[in-house]
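Sequence lines, in order, name chains R and E. According to our numbering, the first sequence holds residues 17 to 129 in order. According to our numbering, the second sequence holds residues 34 to 146 in order.
Derived from the structure by calculation, the hints contain no laboratory data. Among the hints, erroneous ones may be present.
[Unchecked claim] Computed, partial: chain E to chain R, Cβ under 10 Å:
1) Gln39
2) Asp42
3) Phe67
4) Tyr69
5) Gln71
6) Arg75
7) Leu77
8) Leu80
9) Leu81
10) Tyr94
11) Ser119
12) Lys133
13) Ser138
[Claimed, not checked] With a straight-line Cα cutoff of 25 Å, these simulated DSS-like cross-link-like pairs (lysine-lysine) come out:
14) E:Lys110 - E:Lys55
15) E:Lys55 - E:Lys141
16) R:Lys87 - E:Lys55
17) E:Lys145 - E:Lys91
18) E:Lys82 - E:Lys110
19) R:Lys73 - E:Lys133
[Unchecked claim] Sample of chain R residues lacking proximity to chain E, with all beta carbon distances greater than 10 Å (derived):
20) Lys27
21) Thr36
22) Ser82
23) Leu129
Glycine is no exception: its CB is placed at the ideal position from the N, C-alpha and C atoms.
The residues making up each chain are set out below.
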Amino acid sequence: DTGVSQNPRHKITKRGQNVTFRCDPISEHNRLYWYRQTLGQGPEFLTYFQNEAQLEKSRLLSDRFSAERPKGSFSTLEIQRTEQGDSAMYLCASSLEVGNEQFFGPGTRLTVL
Amino acid sequence: AQSVAQPEDQVNVAEGNPLTVKCTYSVSGNPYLFWYVQYPNRGLQFLLKYITGDNLVKGSYGFEAEFNKSQTSFHLKKPSALVSDSALYFCAVRALGFNKFYFGSGTKLNVKP
Numbered sequence: 017d018t019g020v021s022q023n024p025r026h027k028i029t030k031r032g033q034n035v036t037f038r039c040d041p042i043s044e045h046n047r048l049y050w051y052r053q054t055l056g057q058g059p060e061f062l063t064y065f066q067n068e069a070q071l072e073k074s075r076l077l078s079d080r081f082s083a084e085r086p087k088g089s090f091s092t093l094e095i096q097r098t099e100q101g102d103s104a105m106y107l108c109a110s111s112l113e114v115g116n117e118q119f120f121g122p123g124t125r126l127t128v129l
Numbered sequence: 034a035q036s037v038a039q040p041e042d043q044v045n046v047a048e049g050n051p052l053t054v055k056c057t058y059s060v061s062g063n064p065y066l067f068w069y070v071q072y073p074n075r076g077l078q079f080l081l082k083y084i085t086g087d088n089l090v091k092g093s094y095g096f097e098a099e100f101n102k103s104q105t106s107f108h109l110k111k112p113s114a115l116v117s118d119s120a121l122y123f124c125a126v127r128a129l130g131f132n133k134f135y136f137g138s139g140t141k142l143n144v145k146p
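For reference, chain E alone in the conformation it holds in the complex (with noise of 0.2 Å):
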């Protein structure tokens, strides 16, 4: 079975620290990983995707993240955190080969001045 988590609800940081925003998967072979961002009253956002390649892939808005296979994880990191990065955070999964993506339940990021 393919699944994501998102084990936190809710991640608080303060302005200009670094934040992480954890992933991991289940998949049967290679995954496809991506972070997608849904501001308030707004679609979902692409933000970046981890194909094949460097673990480490670097996405939009200073935003990177770390594929790991041993743990199954593709954390979500950014250096320094802004006010403007509040928002809700997706996490997303496919298999290689499936049509079906997998979403988590969303992280929801809370920067504080």
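In isolation and in its complexed conformation, chain R is listed as follows (with noise of 0.2 Å):
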């Protein structure tokens, strides 16, 4: 256990509809990054946080993507109307300094139906 936390672990959903993950980060950590892996690939970023601010957005990251960080503690991604090309696990990161190690919550595996 990295201390990083993620909701839903799964989330199964048919296409169309919206869907929010939340990632809780290490407290002391005001960087956090939000990537997608797809079976037999690395993690691809999508974007990345700075306390509450969201500094870098993946051009993969499209209209249909939109990620928060209010308070510059937890971080949500919203999916509206999902595709099955959505499906995928996103995972979440957080880090105390942009060039130290990342820690990795367990992520949020979508099914796309």
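Build the complex: two chains, separate frames, hints provided.
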């Protein structure tokens, strides 16, 4: 257990539905990252927060994806109008400084039917 | 463009033999380099990192990695493999001044008794 928690651990939804995932980082970590990982691939960067500011977003993050970190603590990732191609493991990670190692949560596995 | 390549999908070694998992990278500027390990049904765990200084870095569980700037490589090594080292290994890179981390596609390490 790295100290980063993610909820839910699994989510099954129908195409077209909205889903929201939550990440609780290690409390003193001010950097927070979201990644997507599909089978046989490494984590793919989605977005990055420093405190409550979203400083970078991947071009992979379409208009259907939005992330927030309202008080610089927990973060949420929302996917609107889910598509089957959104099925993946969504990973959250946090770090104390941007050059430091990231601590990963267990991930939320999304299945879109 | 920044990228990471792990040329081997799978590495097989016998217990007690040395192991090497290869990683090459492409970044603009000085790289921050990381190795992570992923066990089945568990999140990614940090093994070691290179930021600056000695080209040989030592990490968790007896692993080490050598940074080679001329070959743009950061290969993971261990002198004597254990069956319990069997897992999925990911190399990651971040360039100084950038927030995004790039992960390789992973190498599955199989250590046989």
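Each hint tested on the structure:
1. Against a cut-off of 10 Å between C-beta atoms, the interface hint on Gln39 (chain E) holds, since the closest Cβ of chain R lies about 8 Å away.
2. Checking Asp42 (chain E) against chain R: minimum C-beta separation of about 8 Å stays under 10 Å; hint holds.
3. Hint status for Phe67 (chain E): holds, given a least beta-carbon distance of 6 Å to chain R, under 10 Å.
4. A cut of 10 Å between beta carbons decides the hint on Tyr69 (chain E): the least distance to chain R is about 8 Å, and the hint holds.
5. Evaluation of the Gln71 (chain E) hint against chain R yields a held restraint, the C-beta minimum of about 9 Å falling below 10 Å.
6. The closest approach between the C-beta of Arg75 (chain E) and any C-beta of chain R is roughly 7 Å, which is under the 10 Å cut-off, so the hint is satisfied.
7. Taking 10 Å as the C-beta contact cut-off toward chain R, the hint placing Leu77 (chain E) at the interface holds, the least distance being around 4 Å.
8. A hinted interface residue such as Leu80 (chain E) counts as satisfied when its beta carbon comes closer than 10 Å to some beta carbon of chain R; here the least separation is about 9 Å, so the hint holds.
9. Of the supplied interface hints, the one on Leu81 (chain E) holds, with its beta-carbon coming within about 9 Å of a beta-carbon of chain R, less than 10 Å.
10. Interface hint status for Tyr94 (chain E): violated, as the beta-carbon distance to the closest one in chain R is roughly 15 Å, over 10 Å.
11. Interface restraint check for Ser119 (chain E): the shortest CB-CB distance to chain R comes to about 17 Å, outside 10 Å, so the restraint is violated.
12. Interface restraint check for Lys133 (chain E): the shortest CB-CB distance to chain R comes to about 5 Å, inside 10 Å, so the restraint holds.
13. The criterion of a C-beta within 10 Å of any C-beta in chain R is met by Ser138 (chain E), whose closest approach is roughly 5 Å, and the hint holds.
14. Only pairs whose Cα atoms come within 25 Å are accepted, and Lys110 (chain E) paired with Lys55 (chain E) is accepted, the gap being roughly 9 Å.
15. For the suggested pair Lys55 (chain E) and Lys141 (chain E), the alpha carbons sit about 11 Å apart, so the restraint of at most 25 Å is met.
16. A C-alpha spacing of about 40 Å is found between Lys87 (chain R) and Lys55 (chain E), which places the hinted pair above 25 Å, so the restraint is violated.
17. Distance restraint check for Lys145 (chain E) and Lys91 (chain E): the Cα-Cα separation of roughly 24 Å lies within the 25 Å cut-off, and the hinted pair is therefore satisfied.
18. The hinted pair formed by Lys82 (chain E) and Lys110 (chain E) meets the criterion: a straight-line CA distance of about 13 Å does not exceed 25 Å.
19. Proposed proximity of Lys73 (chain R) and Lys133 (chain E) is supported: the alpha carbons are some 9 Å apart, at most 25 Å.
20. Here Lys27 (chain R) stays apart from chain E, with its beta-carbon at least about 16 Å from theirs, past the 10 Å limit.
21. The Cβ of Thr36 (chain R) lies farther than 10 Å from every Cβ of chain E, with a closest approach of about 20 Å, so its non-interface assignment holds.
22. Non-interface status of Ser82 (chain R) relative to chain E is upheld: no Cβ of that chain comes within 10 Å, the nearest being about 18 Å off.
23. Taking the minimum C-beta to C-beta distance to chain E, about 22 Å, the non-interface status of Leu129 (chain R) holds against the 10 Å cut.
Violation of the numbered hints given earlier is confined to hints 10, 11 and 16; the remaining hints are satisfied by the structure.
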